[in-house]
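Visitor: Protein sequences, first through last, are from chains A and B. Here our numbering is used: the first residue of the first sequence is 69, the next is one more, and so on. Here our numbering is used: the first residue of the second sequence is 23, the next is one more, and so on.
For the record, the hints were derived by calculation from the structure and aren't laboratory data. Some clues are possibly wrong.
What the hints assert, rightly or not - Derived DEER-like restraints, expressed as beta-carbon distance ranges:
| no. | chain 1 | residue 1 | chain 2 | residue 2 | range |
| --- | --- | --- | --- | --- | --- |
| 1 | A | Arg192 | B | Asp80 | 32 to 38 angstroms |
| 2 | A | Leu142 | B | Arg270 | 45 to 51 angstroms |
| 3 | B | Glu269 | A | Leu98 | 54 to 60 angstroms |
| 4 | B | Ala264 | A | Pro177 | 37 to 43 angstroms |
Claimed, not checked - Which chain B residues face chain A? A few, computed with CB under 8 angstroms, are given here:
| no. | residue |
| --- | --- |
| 5 | Thr103 |
| 6 | Gly129 |
| 7 | Ala132 |
| 8 | Asp133 |
| 9 | Ala136 |
| 10 | Ala172 |
| 11 | Gln174 |
| 12 | Val195 |
| 13 | Thr196 |
| 14 | Ser199 |
| 15 | Leu210 |
We put the CB at the ideal spot given by N, CA and C, even for glycine.
Here's the letter readout for the chains.
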Amino acid sequence: MVRPPAPAPRRRVPGRQAPLALFVPAGLGLAFLVLPLAGLLARAPWATLPQRLAAPGVLTALRLSLLTATGATLLCLVLGVPLAWVLARVRFPGRRLVRALVTVPLVLPPVVGGVALLLVFGRRGLLGGWLDATLGVTLPFTTAGVVLAEAFVAMPFLVIAVEGALRAADARYEEAAATLGAGRWATFTHVTLPLVAPGVAAGAVLCWARALGEFGATITFAGNFPGRTQTMPLAVYLALETDLEAAIVLSLVLLTVSVAILAGLRDRWVTGP
Amino acid sequence: MTAATTRTALAGAFALALALAGCAGGADQPGEGGDGVRGPVTVLAAASLTEAFTRLGDEFEAAHPGATVTFGFAGSAALATQVNQGAPADVFAAASPATMRPVTDAGNAADAPATFARNQLVIAVPEGNPGRVGALADLTRPGVKVALCAEQVPCGAAARTALAAAGVALTPVTLESDVKGALAKVRLGEVDAALVYRTDATAAASQVDAVEFPESARAVNDYPIVVLRQAGNPTAARAFVAYVLSERGRAALAAAGFQPPRA
Numbered sequence: 069m070v071r072p073p074a075p076a077p078r079r080r081v082p083g084r085q086a087p088l089a090l091f092v093p094a095g096l097g098l099a100f101l102v103l104p105l106a107g108l109l110a111r112a113p114w115a116t117l118p119q120r121l122a123a124p125g126v127l128t129a130l131r132l133s134l135l136t137a138t139g140a141t142l143l144c145l146v147l148g149v150p151l152a153w154v155l156a157r158v159r160f161p162g163r164r165l166v167r168a169l170v171t172v173p174l175v176l177p178p179v180v181g182g183v184a185l186l187l188v189f190g191r192r193g194l195l196g197g198w199l200d201a202t203l204g205v206t207l208p209f210t211t212a213g214v215v216l217a218e219a220f221v222a223m224p225f226l227v228i229a230v231e232g233a234l235r236a237a238d239a240r241y242e243e244a245a246a247t248l249g250a251g252r253w254a255t256f257t258h259v260t261l262p263l264v265a266p267g268v269a270a271g272a273v274l275c276w277a278r279a280l281g282e283f284g285a286t287i288t289f290a291g292n293f294p295g296r297t298q299t300m301p302l303a304v305y306l307a308l309e310t311d312l313e314a315a316i317v318l319s320l321v322l323l324t325v326s327v328a329i330l331a332g333l334r335d336r337w338v339t340g341p
Numbered sequence: 023m024t025a026a027t028t029r030t031a032l033a034g035a036f037a038l039a040l041a042l043a044g045c046a047g048g049a050d051q052p053g054e055g056g057d058g059v060r061g062p063v064t065v066l067a068a069a070s071l072t073e074a075f076t077r078l079g080d081e082f083e084a085a086h087p088g089a090t091v092t093f094g095f096a097g098s099a100a101l102a103t104q105v106n107q108g109a110p111a112d113v114f115a116a117a118s119p120a121t122m123r124p125v126t127d128a129g130n131a132a133d134a135p136a137t138f139a140r141n142q143l144v145i146a147v148p149e150g151n152p153g154r155v156g157a158l159a160d161l162t163r164p165g166v167k168v169a170l171c172a173e174q175v176p177c178g179a180a181a182r183t184a185l186a187a188a189g190v191a192l193t194p195v196t197l198e199s200d201v202k203g204a205l206a207k208v209r210l211g212e213v214d215a216a217l218v219y220r221t222d223a224t225a226a227a228s229q230v231d232a233v234e235f236p237e238s239a240r241a242v243n244d245y246p247i248v249v250l251r252q253a254g255n256p257t258a259a260r261a262f263v264a265y266v267l268s269e270r271g272r273a274a275l276a277a278a279g280f281q282p283p284r285a
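Build the full structure now, drawing on both the sequences and the hints.
Guide: The following block contains the structure:
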């Protein structure tokens with residue numbers, strides 16, 4: 069999915085040889101994806117945009133969103149890169165199952181993820197009760213809870229990207245390092261990681277973008293409180309309750325950030341011929 | 023189990039009522055579409071009406087065999103936005119006049135809204151009241167976690183009014199987007215208390231306890247209902263609204279814990 073495609077020396081089919089019938093659905097498909105974004109731009113209250121962007125709630129939510137998405141990405145890097153390494157380099161029984169489990173959050177409705185997180189990390193959850201009683205740590209309704217919810221949903225993106233990069237990387241470099249006397253850890257940090265650095269970077273950015281847009285798991289697990297757990301998507305949803313224009317402005321901010329991220333990533337994972 | 027028993031009892035009472043109506047009505051069969059009440063009716067209703075309206079819908083369908091009622095329950099304000107964005111609906115029932123107003127202001131109501139019920143807030147606490155909450159002031163005790171509705175939605179606006187009336191300033195841990203969200207946090211035991219409608223606490227009585235507080239009388243919500251201008255089935259929509267306002271509708275609402283509208 070994110071793996072940079074191998075440069076295929078295949079001859080390109082010139083556009084005019086493609087069946088004309090494909091262009092109509094292709095165009096409709098593109099319009100379907102782009103029109104809603106255009107709608108957002110068309111309805112945006114441009115005249116009052118500066119004042120609305122400067123409203124204190126917007127900046128608070130944006131700051132919290134950027135902070136938690138970054139925190140979630142760091143957490144995913146710390147846990148997800150080793151996980152990807154194990155999946156790519158270690159043979160063990162049940163590896164297919166583990167790989168399937170890792171990707172479950174991709175298809176699970178985020179609200180379900182939030183409920184599941186509550187049942188484990190909530191005050192009465194399997195681990196949450198213990199955390200609360202022994203360490204005095206409660207995660208729901210905290211910024212840390214938002215990070216957790218976002219990481220749960222976003223980590224598969226990183227794991228898949230890094231695992232793909234690891235599989236594509238040439239294992240002979242690692243073998244060479246080992247024969248030259250490098251320990252396992254040194255091999256991992258000095259050979260493997262630099263080798264897959266572009267894949268890790270692409271996965272991290274994608275993970276960050278997904279965390280930034282997280283809504284369902286966050287509102288279910290971490291609740292909604294301005295400055296503490298109200299991220300941009302939550303602010304959009306609540307703004308919609310009263311003020312469509314405010315919701316449009318907030319959406320516009322998220323759209324801009326997302327497009328900027330993807331544009332920056334373009335060369336990494338949508339390389340075209 | 024209790025729900026099933028209640029349902030059976032209701033169904034029985036209903037069959038009896040129908041039989042009686044049939045006897046009294048003579049040749050005129052109200053359910054056979056003689057009154058033109060048939061087809062689908064889509065009702066967008068405040069989340070707090072979920073239990074009462076679901077029951078009312080079943081009764082309405084039983085009384086009008088040609089008609090089917092479909093509900094969309096959500097926060098009133100979100101529903102009002104949906105209505106104004108052209109959601110295909112026949113009836114809109116809100117939890118406050120303030121959330122009905124955008125719809126009437128936009129000219130999307132076919133008639134003037136009618137008030138059909140009132141609701142009052144209670145403090146919902148997890149069963150057994152682990153936080154030992156007895157009054158509104160207890161919610162400000164350190165360590166007591168409280169969920170409120172966001173002030174954009176009616177239960178949040180009512181909570182804010184009640185807290186102001188009581189002179190209680192509290193910081194909730196979360197501001198939920200509708201009353202069911204606040205109640206869910208109580209059910210899960212994640213918060214020690216939430217300000218919700220009495221009807222919601224009644225519906226969840228197996229899992230939460232309700233603590234009444236006097237200041238709730240200062241923040242009573244009137245529930246308005248209206249037939250929408252964009253209704254695709256106005257006849258059935260009017261019949262449903264009439265049913266909600268009828269004695270039978272009022273009885274179902276009372277059973278759910280609603281109070282009758284001010285005379």
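Visitor: It remains to establish, for every hint, whether it holds in the given structure.
Guide: Cross-check of the supplied hints:
1. A hinted range of 32 to 38 angstroms for the beta carbons of Arg192 (chain A) and Asp80 (chain B) is consistent with their spacing of about 34 angstroms.
2. Separated by about 59 angstroms at the C-beta atoms, Leu142 (chain A) and Arg270 (chain B) break the suggested range of 45 to 51 angstroms.
3. For Glu269 (chain B) and Leu98 (chain A), the hinted distance range of 54 to 60 angstroms is satisfied, since their beta carbons lie about 57 angstroms from each other.
4. Distance hint check: the CB atoms of Ala264 (chain B) and Pro177 (chain A) are about 38 angstroms apart, consistent with the given range 37 to 43 angstroms.
5. Interface restraint check: Thr103 (chain B) against chain A, minimum CB-CB distance 6 angstroms, threshold 8 angstroms, status holds.
6. With its C-beta approaching chain A no nearer than about 16 angstroms, Gly129 (chain B) sits outside the 8 angstroms limit, and its interface hint is violated.
7. For the restraint placing Ala132 (chain B) at the interface with chain A, the shortest Cβ-Cβ distance is roughly 23 angstroms, beyond the 8 angstroms limit, so the hint is violated.
8. For the restraint placing Asp133 (chain B) at the interface with chain A, the shortest Cβ-Cβ distance is roughly 25 angstroms, beyond the 8 angstroms limit, so the hint is violated.
9. A hinted interface residue such as Ala136 (chain B) counts as satisfied when its beta carbon comes closer than 8 angstroms to some beta carbon of chain A; here the least separation is about 24 angstroms, so the hint is violated.
10. A hinted interface residue such as Ala172 (chain B) counts as satisfied when its beta carbon comes closer than 8 angstroms to some beta carbon of chain A; here the least separation is about 6 angstroms, so the hint holds.
11. For Gln174 (chain B), the interface hint holds, since its Cβ comes within 8 angstroms of a Cβ in chain A; the closest pair sits about 4 angstroms apart.
12. Taking 8 angstroms as the C-beta contact cut-off toward chain A, the hint placing Val195 (chain B) at the interface holds, the least distance being around 4 angstroms.
13. About 3 angstroms separates the beta-carbon of Thr196 (chain B) from the nearest beta-carbon of chain A, less than 8 angstroms, and the hint is met.
14. Given the 8 angstroms rule on beta carbons, the hint for Ser199 (chain B) holds: about 6 angstroms separates it from the nearest Cβ of chain A.
15. About 6 angstroms separates the beta-carbon of Leu210 (chain B) from the nearest beta-carbon of chain A, less than 8 angstroms, and the hint is met.
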